[in-house]
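*Asks:* Here are the chains, one letter per residue:
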Amino acid sequence: MENKGLNKVGLIFEKIDNHEVLAKGFKMTREEIIQEMLDSGLKGRGGAGFPTGMKWKFTAAEKNPDKYIVCNADEGEPGTFKDREILDRVSNKVHGGMAIAGKAIGAKKGIVYLRGEYRYLLPKLMIELDAFHKMIKEIGYDFKIEYRMGSGAYICGEESALFESIEGKRGEPRNKPPYPTVSGVFGKPTSINNVETLVTAMMIIQHGAKNFIQYGTKDSRGSKVFSVSGDTPSPGIFELELGMTVQQFVNEFGDGDTKAVQVGGASGFCVPRKKFAETIIGFEGVPTGGSMKLFNSSRSMYNVLHNYLEFFTEESCGQCTPCRVGCQQLLKGVEKVKKGEAKSTYLNELMKLADTMKIAAKCGLGQSVGNAFKSIVGNFKEEIIY
Amino acid sequence: MYQVGNLVKELSEKHGHARESLMPILQAIVLKHNYLTDEAMVEVARELDISAAEVYGTASFYTFLDTQVKGKYVIRVCKTITCSMKGKGDIIHTLEDMLKIKVGETTPDKQFSLIETNCIGWCHKAPAILINDLPYTELTPEKVTEIIKDYMQK
Amino acid sequence: MINLLINDQKVSVLEGTTVLAAAKKLKINIPTLCNHDDLCVAGNCRVCIVEQKGARTLIASCATPAAEGMEIHTNTLKVRNARKHIVELLLSEHRSDCTKCYKNQNCELQKLANDFAFGDHVFLDLVEDKKYNIDRSSPSFIKDDSKCIRCQRCVRTCSELQSIAAIAVANKGAHQKISSFHDRPMSQVVCSNCGQCVNRCPTGALVEKTAIDQVWDAIYDPDKHVVVQTAPAVRVALGEDLGYDPGERVTGKMVNALRQLGFNSVLDTDFSADLTIMEEGTELLVRLKKALVDGDKQISLPMFTSCSPGWIKFIEHKYPEYLPNLSTCKSPQQMFGALAKTYYASKRNIDPSKIVSVSIMPCIAKKFEADRPEMRASGYKDVDFVLTTRELAVMIKQAGIDFRNIEEAKYDSIMGDSTGAAVIFGATGGVMEAALRTAYEIVTGREVPFGNLNITPVRGMDGVKEASIKIEGCVDAWKFLEGAELKVAIAHGLANANKLMKMVKDGKATYHFIEIMGCPGGCIGGGGQPIPTSLAIRQKRMKAIYSEDEHMTLRKSHENPEVIAIYKEFLDQPNSHKSHELLHTHYVERENY
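Protein chains in written order, with the numbering used here: chain A, 1 to 386; chain B, 1 to 154; chain C, 1 to 593.
It cannot be assumed that every hint is accurate.
[Unchecked claim] Using 30 Å as the maximum straight-line C-alpha spacing, the simulated BS3-like pairs for lysine-lysine come out as follows:
| # | chain 1 | residue 1 | chain 2 | residue 2 |
| --- | --- | --- | --- | --- |
| 1 | A | K124 | B | K125 |
| 2 | C | K318 | A | K176 |
| 3 | A | K352 | C | K502 |
| 4 | C | K502 | B | K9 |
| 5 | C | K470 | C | K502 |
| 6 | B | K9 | C | K505 |
| 7 | C | K470 | B | K14 |
| 8 | A | K352 | C | K410 |
| 9 | A | K381 | C | K470 |
| 10 | C | K318 | C | K508 |
| 11 | A | K336 | C | K84 |
| 12 | C | K318 | B | K102 |
| 13 | B | K100 | A | K169 |
| 14 | A | K137 | A | K108 |
| 15 | A | K27 | A | K176 |
| 16 | B | K14 | A | K144 |
| 17 | A | K339 | B | K102 |
| 18 | A | K15 | A | K144 |
| 19 | B | K154 | A | K169 |
| 20 | C | K297 | C | K410 |
Everything labelled a hint here was simulated from the structure, so no lab data went into it.
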């Protein structure tokens, strides 16, 4: 496996001449922008990792002239806080990325869906948005962005739930197909991209796909912003080249006693110490939207799992059976085992349930509850039982 | 209990009467009054020509759109894993002692409500809380005491 | 056409067809739960999952359109294991006291449990922790959250078919539930009591509030004289709960069965339906005269029918400014009730306090209607107990009656005579047709100008129907209507009613008379009718209604001999003082939440 080691990068937060990059982007044809994205190999930075170029290509191909570019700023995955930081520091690049995406897919309207927990950022963002609108008007480009606020619902980070929320409804994921590229917000073709993805797209326009692919590996191009927290002497935001092992990550950020790293938040995977060296952080190994939580040997993995399961039990939208009831069963199930009210072999039944949730739940949330459950129970069974 | 007065009418003039205006309208009411009364929800339903049950159903989906009485300052303590690991319990105890209420309750003078919430995106500066919209991070019992004292004097 | 493979069999379907429907075409059954033919796709129970070759996850067949080249397997080990898990998960949130449940043997969840989740269950029982609420506040139905499996059929019914949304999904995650506005009792919200949700609930979470035991008590009370009336739509649907196919008329057998159950007198709501036509038709003509000739601006037109108690409660909540437009006529059930304890009592020389008046209705809103404080014109509760078609079937089974093999019998008299005009009250457009048959003849002295009296423009399943009749050759008393064009409209199901009301409100409708029935298809699709329901079933019942009409000797309300007699002996004439006292009512404004 390709291993690039741990390399700090400074591209995302780099101050750029937005005017210049945008002018460059707007001079490109739609096809050229999309090709640049395809060539860059950029995959969505929200966690799911869908190729951005493909998403734009599909949306661009739709005949309906009324299209949307939606920026997913509903950063709710436990352990992720990079999008807040990006919006706080370089919102210009987010807005710029939306305009570039708008050009690529043929959308004149953009919506940023910002989670309610980040409302304090809004006054500043409004000022920056005004300046942005003025700037693109100067360039002579017609594109308008508006902000919509969330109000405390993790599931609204799921793209179709986010659309429902914008439309004034409960944030319940929709059936797919149709996919957003065909029928997204207000039933219109929509490209929905994560905050960081849009900034990265700006970066690709600025530096070119050729330069971008110098970073990262074949399956995981470029750099990525990581949100580092937990048992670490240096928590915070770090932009790192993709393609390092968990071991290399732990060498940099661990406190010398790291027993596990939860990669990708509550819906991600728990990597135990014995697998640090063999696990690549990226789409070829463990993918992540950026959340990296370190646990040292003083932590009970039962508590970690219990906390995640409580989180999902509350944050499931509740509409589909596997997720709504499955989360409750996993939570109550591990509690029973811990209390000795159920045999330890009951965990095997719960592992099977986690498998069912993975294949039968309606959306990505329900499908990924099993990730943390299986990797924590699978690797730390004793801690769960005793 | 507050009187909603002309607020809903003004908000629906501003945001429009379509269903998509529901969230901005409810958010604006909560921004002003911290929670939604039945009267406010019925009024919103009328302005948007949807059922009151749908307004309630939508509001109750979102943690921040409270439909129970809340105080002037709503303190939301993050309970997700990192905050939980980094001393959330001490923060809660401190707040409960200071405010003389338990989690989920509102002070009799309707100044403070204390609730727990899921990840608010400050794991690297845990433990963290929100007071209304504002985040306070890297808290200790001493620090949170000072913060609440300030609010008490507001 | 889209070509796909299901269980290795080729099938071609139109674009937009779901995998579920494509499988059905191949005679492959996929179990479903949240899916319902009358409602939009939900895809939330996940019972109908199937395996698609190449897909990362299983797919919900009800919510996935067939795509070219798809390869589907409906019965793999992976599918079966997941489905068993899903059914067990549903059961873990559901209070499974099946032997005590009203829906025992008629429960879709129970059927799934039998098929897929028999034996020991793996999962923990979550019911005890849930603090489920059981709402018995409505006189019409019980909402038992402990039986609810969150399929949301009721929510979709209430918003899509009825445009009310008295219930909606509330909260999220483990706390998700089906809730009225801020969890208010169902009796204190905008609910019309139509019972369409009850018709579609797959479990015992929504059931009618039964009066079976009270009725048995009355029957066995030697001191009581128990009269029963049967609504028109019951006779074309009752059979479905007793082993017949939809659309079979069982009128005669039903009458016999009711007699065998022990009712002292088996009478017909058709009688008071005919009476309704006399009262309501006259009311319409009087309103038209006052408005058109006298120029009385106080007269409210269009006039709305008032037979459907679901519609009445709907307009009381949603359009109270139009209450003056409602006909003041009570529904046939309540006219019957008021007369049972007055006219009938005196003719039969029975102390009205000893009469127990029971009605068999296709409806659960009728239970609410009978309880209204306005409905005590006789000095007593006019209708003591309302039973649904379903409850009658239960009583017939309890009594051990071999329904299929009993003789047919005829209604008792008095108040047992019927005409075809009364029978068609059971289908959407029927009241209008009956009213036109009579009103036209009163005004012109001639029969309505439609072949065999069948006024086809007002029939059928279109949501909103309209028609107009030019009035020509009036008799002297009604000369002022000469040349007038009577414009009418009909809506069934409250979503259609709402559509029509919006048109009226916006001044886009210039009708004189509007018939509205609260339920899809009219009473044949009522909330008290046998379960399941679908468009095909309702169409069969409707066909049976019109066939019943065709088989009647008398087909116009004013020809009903008992109706003629009651005006002569008791009521004097339509809209008389006495009629107003007993047969007319008023309405109340209600909150819109």
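*Asks:* Taking the hints in turn, state whether each one holds.
*Replies:* Comparing the hints with the structure gives:
no., hint, verdict
1, K124/A - K125/B, "22 Å, holds"
2, K318/C - K176/A, "36 Å, violated"
3, K352/A - K502/C, "53 Å, violated"
4, K502/C - K9/B, "22 Å, holds"
5, K470/C - K502/C, "26 Å, holds"
6, K9/B - K505/C, "22 Å, holds"
7, K470/C - K14/B, "49 Å, violated"
8, K352/A - K410/C, "62 Å, violated"
9, K381/A - K470/C, "84 Å, violated"
10, K318/C - K508/C, "19 Å, holds"
11, K336/A - K84/C, "22 Å, holds"
12, K318/C - K102/B, "42 Å, violated"
13, K100/B - K169/A, "37 Å, violated"
14, K137/A - K108/A, "13 Å, holds"
15, K27/A - K176/A, "35 Å, violated"
16, K14/B - K144/A, "19 Å, holds"
17, K339/A - K102/B, "26 Å, holds"
18, K15/A - K144/A, "23 Å, holds"
19, K154/B - K169/A, "36 Å, violated"
20, K297/C - K410/C, "48 Å, violated"
The structure fails to meet hints 2, 3, 7, 8, 9, 12, 13, 15, 19 and 20 from the earlier list, while all remaining hints are met.
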